[in-house]
Structure formats: C-alpha cells, structure tokens
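The hints should help you fit chain L onto chain A, whose structure is shown.
These protein sequences, in sequence, are chains A and L.
Residue numbering for the first sequence follows this note's numbering, starting at 1 and increasing by one per position.
Residue numbering for the second sequence follows this note's numbering, starting at 1 and increasing by one per position.
Bear in mind the hints are in silico, worked out from the structure with no lab data behind them.
Note that the coordinates shown come from a computational prediction; the quantities given were computed from them, not determined experimentally.
All residues carry an ideal CB built from backbone N, CA and C; glycine is no exception.
There could be a bad hint or two in this list.
Simulated restraints, written as ranges between beta carbons of each label pair [to be verified]: (1) A:M381 with L:E27: 23 to 33 Å; (2) A:I204 with L:I26: 46 to 56 Å; (3) L:G30 with A:N372: 45 to 55 Å.
So you can see what is in the structure, the chains are spelled out below.
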Amino acid sequence: MIEIQPKNNIFKVIGASSLGTLIEWYDFYIFGSLAVIIGHQLFPADAGASALINTLAIFAAGFIVRPFGALVFGRLGDLIGRKYTFLLTLVLMGGSTFLIGLIPSYKSIGYAAPILVLILRLIQGLALGGEYGGAATYVAEHAPKNRRGFFTSWIQTTATLGLFLSLGIIVITKNFLGAETFADWGWRVPFLLSIVLVGVSIYIRMKMHESPMFTKLKSEGKVSKNPLKESFNNKANFKMVLLALFGATMGQGVIWYTGQFYAQSFLENTCKLDFNDSRYILLWGIAFATPFFVVFGAWSDKVGRKWIMLMGMLLGIIFYRPIYRTFLNDTSEENFAKNELFSSSQGFPIITPLANQVDSLRSLETKILFTNGTGYTKVQMDTLSATKGVISAPGMLKDKILPKPIFWKFVGLIFFQILLVTMVYGPIAAFLVELFPTKIRYTSMSLPYHIGNGVFGGLVPFIATLIASFSGSNPLSGLWYPIGVAALSLVIGTIYLSNKRDESIND
Amino acid sequence: MIKKYLGLAWMALGPIAMTFLFMHAIEKVGLTHTDIERTNTILQWGIILFIFFPISLGLMIFGFYAWKGEYEKLPENSHGV
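Next up, chain A with everything else stripped away, as it sits in the complex (with noise of 0.2 Å):
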C-alpha cells in the first residue's frame, strides 16, 4: 500500500532546514573563533605557541573528518531517509558543542582535556558532513524544477551566516563580559548557547515530513540497497562524484575559505588589525554579500549553475594577489606615519628570563594614537645578553586601529571576495543534486561536497600560513595554495562539466 505523505510547505521546509544547517554550522565555527582562548584552557601554562597550534589542529581534525561523516550519515539517509538522518546530526552536533562548553579545564583534569574535546570536535564534523548534503537534498526534493537554484540558495546562505552568527554572539558576549572575565568562563557561553538553539530547531525539524522523492521511492520498493556500493563501486556514477570533486567543489571549497576565513586570519595575524576591527570588517562584508546566494542560486536556473561558478573563481585567482597586497599597504607602518600623532605613550618594561638562564627578554609596548583617531601598539623586543649586550630586534605592529576610509574599502574588498563566494556557493547545491539519482543522492553529493570543502577548502588557513612561512617566501605567498587549485578546478570545470539542467530528478 503506497503511504500519501502531507505535503510540507516549500516555505517551511526552507526554513526548518535551514535553521538547522545555519545552527550546524555556528556550532562548527565558534571553535575556530576561539582557538587562543579554548588553547590557553586546554593546555598547560607553559606551553606557549604549541597550545595555539595543537588547538588548530584539533579544529582542522573537525574539516578532515567531514568527508567520513558524508559517507556514514549519507548512506543512512539514502537507506532510512532525510528527514531522520539530519535529526540525528543536529542532535550530535548540539550534544557535542554543549559539552565542549563543560569541559573542565587542562588545570582540573590535565591531558584528558585536550583529548575529550578532540573527541567531540570529531562527533561535530562527522555530524556536519552529514547534514549538509541532507538538508540540500531535503529542499532540491521539495522544490520545483524550474526553481531549484532558488530555493537550494537559502541553504546556501547558512555556512555564511553561521559563520556571522558565531562572530556577532563571540564579541557580543566579550563586550558584555569584559576581556578578562570572557577568557577566564565567559568563552564557554556561546557553545551552551548551542543547546537551545539546537532545541527549537529539533522541535521545528520534527514537524516536518520526509521528502516526497523518498517517500515515492520508499512506496516502490526501491530504496537502494547498499548506497556505498552503488555510488562508488558504480562506474557511471563514480565518474561523476570525480567530475563534481575536480570540476566544482575543490575549486568552490578553496574560494569559500579564502574569502572568508583566510581573509579574517589575514587581517588579524598578518596585518596586526585590532581584534574587534578584523571582525567588524567581516561582518559587514558578510552582511552586505549574503543577499547575492539567492540572487546567484535564483539566476541559474535560467543560464545554467556552470557558467556562474567558473566565473566566481576566474575572478579569485586574478585579484586575490591584488587584493590581499592592498590589505597590506594599507596597514603598513609608512601609511600610519602619514597621519598627525596625537599621543605616545610608553607602558613599563616586562623582563623575562629565556631558557639559558643567562640571558633574558625585554618587552616594551608603546601605544601610538594620531588625530583622526586610528593608532596602534608598537612592540620592541630586545634580547638582554650578558655577554653581548642589547639586542634589538625591528618593532612590530599589533592592535591596528583603521581610519575610516581604509576599514570601509576593506569591508569593500571582503564584500568582493564574499560575492566571488556566493558565485560559487549560490549554485552548487542544486548542481550536485542534479547530478546524482534520488536513490542514492545523499551519499554520493555529500563525498565531493565535503571533500572538496572540508579539505581542500577548510585547510586554506592551515596550509596558506604553513606556506607563507617557507624561507624566500612573503605574506602573499600562501595564496598560491587556493589560486592553484582554483585555476585547476577551472580548467576541468570548462572542458568537462556540462551546463545544461537536469530538468527532472525525480529518478
């Protein structure tokens, strides 16, 4: 007997999954965001730079799971359905995220720490790369043919704005609580916050039906049976997750994480720029460029998703160079000394003895304001030798506080970089579902999706700073990193990938 499923609402559905996915995806970057403070937390005291680094990598061991996560969860929604699927993993995020929020710290438990919360930081990007591909799948099955772009965009809309949501809450909360008291419990805030957030969007979600394709599919008897087998042991089908990994997603990833999270740790640890600044900038860039997903998801259902997404990344690869070398100019120490100094003022020295014990470290900071209101704080760090006497090493910047014109071209220049996102991103939902059948769509777009993304893309940052660190390099030499694997992604797109629309996907 076939099941007569109530129809859902196209709107609902847009909404209940992306509530959801836009609160996955809050979850999964309020780590990143907090990567110094939860380090300090989850360390010892001593440990220095290695705690930041050990942090990153816990946070990147959340990106290189993402693609497991894709095959677990896909399979069991191309078996049991979308609907319970992406229940499941919005429950393992929210649990997962909130118990990051109550671990103790390294000072209470020690090592087992850092390790619970590498733990639970696995959970939330298996959990990711299952819910992604379910609430795209879930909308592109709703919606109809001629629309798809669309409504697939609003989804697309909320990895960026989960991305905005976990920055706003962050500097909300430590405005509110104050520097000292954020680093010391207030950092835990907004991953509780989680576990409400999560509750209203489960109660929503549970309200929802499961989609009319599965259903129809479930109804025939021909849910497949082994979704792996069937879309990787499958030539006809692995060809095309290859084709949608080379030609799409990997130069897509590598766009989204450039213009996003490369671009923040740009401005914050390469240019120097005041922590609320660097944020402030991203925010209004990313407020500014969100609305363009739709606009992008919505315009290629006429022209076609290919065209528009090559686009986006031939205009990353010409002016990312450009662009990130205006962020240095424009914060260099010659461009400040342009404006007329206000006020210099000195703080004390701080000496600390280094591991010789024979020689130590002096560290003087000097606040510099100008009149128009912008400044900074210059860092002289000098080596105390007993046997060679001072040493000076050249000042360095931090804490850069922006004129006006500068912080609104930059908010200018991450709204470029965000609209080159959106070219990308706005598409590609409703491109990965229409190449793959209902039976097994789940698993099979989710693989490239989050291989192309959590790899590729979500090791922007690691590897652009790993390379920009090789000796002969400069700042700008880490965008080699995602220009070249845009310029290959490029390259298959336009010779390999075909343009037009798969008008039916009901199959």
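Frame of chain A; chain L shown alone:
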C-alpha cells in the same frame, strides 16, 4: 578529443603532486632544529600527505576515465547515471 588527451595530464599530475609534496616534507623536516619543532613539522606534513594521497589517486582515476573517453558524452540527466 581535448578531454581525452588531457586525461594523460591528470593521470600524470597525481603522482607528480605527491612526489612534490613528499620532497617538500623531507626538506622541511630536515630544516627543523629542536625536538618540539621537528615533531610539529612531521605532524603537519604527515597530515598533508595522509589527506592528499587518496585525492591524488582519485585524480589519476579521473584522468584514466577521461583517457578512456568516459567524459566525451555526459548523461543528459541523473537517469543516465
């Protein structure tokens, strides 16, 4: 025909990329001095090699399919997959 002959380039690119990464890894680990620095460098490059090895293999398979003409005519819709 360009799709077919470029398949040879993709097949070659997989092992070339892995060799390049492997040589870089050896060079960078060799340049490190202290124990902690060496451990971190080995860990970083170990992760990179571990992740990109199967992807390079995938690129070779993609090239092989292209060389065999599998992408000369793509399915019109997902019925054909």
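Hint by hint, here is what the structure shows:
1. A:M381 with L:E27: 23 to 33 Å: Once the Cβ atoms are compared, 29 Å apart, the range 23 to 33 Å for E27 (chain L) and M381 (chain A) holds.
2. A:I204 with L:I26: 46 to 56 Å: holds (53 Å)
3. L:G30 with A:N372: 45 to 55 Å: The hint (45 to 55 Å, Cβ to Cβ) holds, given that G30 (chain L) and N372 (chain A) are roughly 49 Å apart.
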